[in-house]
Amino acid sequence: MGIRRRSGGFVLSINPILCDGFGHCGELAPDLVHMDEWGYPIITTVPVPLSNLAALESARYAVRGCPRQALRIDRVADPS
Amino acid sequence: MIALTSPYLWYSTRATGMVTMVLFTIVVALGTFVANRIGGTIIGRFEINELHRSVSIIAVVFLAIHVVTTIADSYVPTGFISVFVPMTSEYKRVAVGLGAVALDLILAVWISSLLKVRIANTTWRFIHWFSWLGFATSIVHAFLTGTDGRKGWGLILIVVCSSVVFASAVWRYLGRPTRAAGRTALSPLAPQSDAARSGRPTGQRLGASSAPSKGPSPTPSRPTSAPFPRSPQSPVKKRRSR
Numbered sequence: 001m002g003i004r005r006r007s008g009g010f011v012l013s014i015n016p017i018l019c020d021g022f023g024h025c026g027e028l029a030p031d032l033v034h035m036d037e038w039g040y041p042i043i044t045t046v047p048v049p050l051s052n053l054a055a056l057e058s059a060r061y062a063v064r065g066c067p068r069q070a071l072r073i074d075r076v077a078d079p080s
Numbered sequence: 001m002i003a004l005t006s007p008y009l010w011y012s013t014r015a016t017g018m019v020t021m022v023l024f025t026i027v028v029a030l031g032t033f034v035a036n037r038i039g040g041t042i043i044g045r046f047e048i049n050e051l052h053r054s055v056s057i058i059a060v061v062f063l064a065i066h067v068v069t070t071i072a073d074s075y076v077p078t079g080f081i082s083v084f085v086p087m088t089s090e091y092k093r094v095a096v097g098l099g100a101v102a103l104d105l106i107l108a109v110w111i112s113s114l115l116k117v118r119i120a121n122t123t124w125r126f127i128h129w130f131s132w133l134g135f136a137t138s139i140v141h142a143f144l145t146g147t148d149g150r151k152g153w154g155l156i157l158i159v160v161c162s163s164v165v166f167a168s169a170v171w172r173y174l175g176r177p178t179r180a181a182g183r184t185a186l187s188p189l190a191p192q193s194d195a196a197r198s199g200r201p202t203g204q205r206l207g208a209s210s211a212p213s214k215g216p217s218p219t220p221s222r223p224t225s226a227p228f229p230r231s232p233q234s235p236v237k238k239r240r241s242r
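Protein chains in written order, with my numbering: chain A, 1 to 80; chain B, 1 to 242.
Don't take each hint at face value.
What the hints assert, rightly or not - Pair ranges (Cβ atoms, derived): (1) 17(A) x 54(B): 51 to 57 Å; (2) 54(A) x 150(B): 22 to 28 Å; (3) 80(B) x 51(A): 37 to 43 Å; (4) 152(B) x 17(A): 50 to 56 Å; (5) 15(B) x 17(A): 43 to 49 Å; (6) 15(A) x 7(B): 51 to 57 Å; (7) 60(A) x 166(B): 36 to 42 Å; (8) 163(B) x 18(A): 32 to 38 Å; (9) 61(B) x 77(A): 20 to 26 Å; (10) 18(A) x 11(B): 44 to 50 Å; (11) 43(B) x 54(A): 18 to 24 Å.
No lab work stands behind these hints: they were computed from the structure.
C-beta: ideal position from N, C-alpha, C; glycine also.
Take these sequences, add in the hints, and give me the full structure.
Rendered as structure tokens:
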């Protein structure tokens, strides 16, 4: 894992149809998600580099912790 | 090795049956907590969810011990088939059969949860509703089959567990928020993760991407018109997780 060069980035993307506003993602990935006043997530659309392991880990926690499975991690190419 | 004719397997069956009942009561109550959006201030909502998942694994393990010791024990005539197929036990046909129904329902809920990332979420939810039926069946099974469930503290335990689950069901029905129930005040990862970020000043959050950021942004901000990108520019690898 350490040998493979981590290039590119990821975005945490949400399926708003599935989202029921449980708020778990806002607790698990507070750097990527912030909640609107009704408790629905507003997720940053700016790609985060994969080298930001803490952000990637919190995004994985958010995907795993979503009760409606409305989240996924999309990988994007290296932002130029 | 314990001889199969010794009473210890039978004792194990009785004891693990009661422990399983208490554990599944806790699991159902915690699941109701998650569904009713409890938490977010003192304890995180995600923590209750994790607790619900963890305790359910322990409960399934105790259920497995309960079932295996029942099969292995020769004190009462129940076969391997009667564990899964109702009404095939020689011993207490109806009562053990209800236990088989409960086991099948709990297995369905458990396996569907293990396959949660593979199946549609609506399917998982539909199967998850059967946990109520599974608990109701198992509590009747506990009362009818249980050697200790007719009197004394065993009966008290059954009454307490069924009351807790019944109250959870009523609360689930009446107190369910329509969809979102407000934002949570708790972000336990926020204070340390802000400080742990290298090269990013504290207080700047990636979530506030719409606001103009002052610090060194991880990427040059590109105009993002869509609220969530369906197809990010030149995706290297796309993971379907539906």
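Each hint tested on the structure:
Our hint of 51 to 57 Å for residue 17(A) and residue 54(B) is violated, since their Cβ atoms are close to 29 Å apart. Checked against the hint of 22 to 28 Å, the pair residue 54(A) and residue 150(B) fails, with Cβ atoms roughly 56 Å apart. Between residue 80(B) and residue 51(A) the CB atoms are about 53 Å apart, so this pair departs from the stated range of 37 to 43 Å. Residue 152(B) and residue 17(A) have their C-beta atoms about 52 Å apart, which keeps the hinted 50 to 56 Å range intact.
At about 46 Å, the CB distance of residue 15(B) to residue 17(A) agrees with the hint of 43 to 49 Å. At roughly 55 Å, the beta-carbon separation of residue 15(A) and residue 7(B) lies within the given 51 to 57 Å, and the hint holds. Checked against the given bound of 36 to 42 Å, the beta carbons of residue 60(A) and residue 166(B), roughly 37 Å apart, stay inside it. The hinted range of 32 to 38 Å is satisfied by residue 163(B) and residue 18(A), whose Cβ atoms lie roughly 34 Å apart.
Checked against the given bound of 20 to 26 Å, the beta carbons of residue 61(B) and residue 77(A), roughly 44 Å apart, lie outside it. Look at residue 18(A) against residue 11(B): about 47 Å separates their beta carbons, and that is inside 44 to 50 Å. Distance hint for residue 43(B) and residue 54(A): a CB-CB separation of about 23 Å, consistent with the stated range 18 to 24 Å.
Of the hints listed earlier, those the structure fails to meet are numbers 1, 2, 3 and 9, in rising order.
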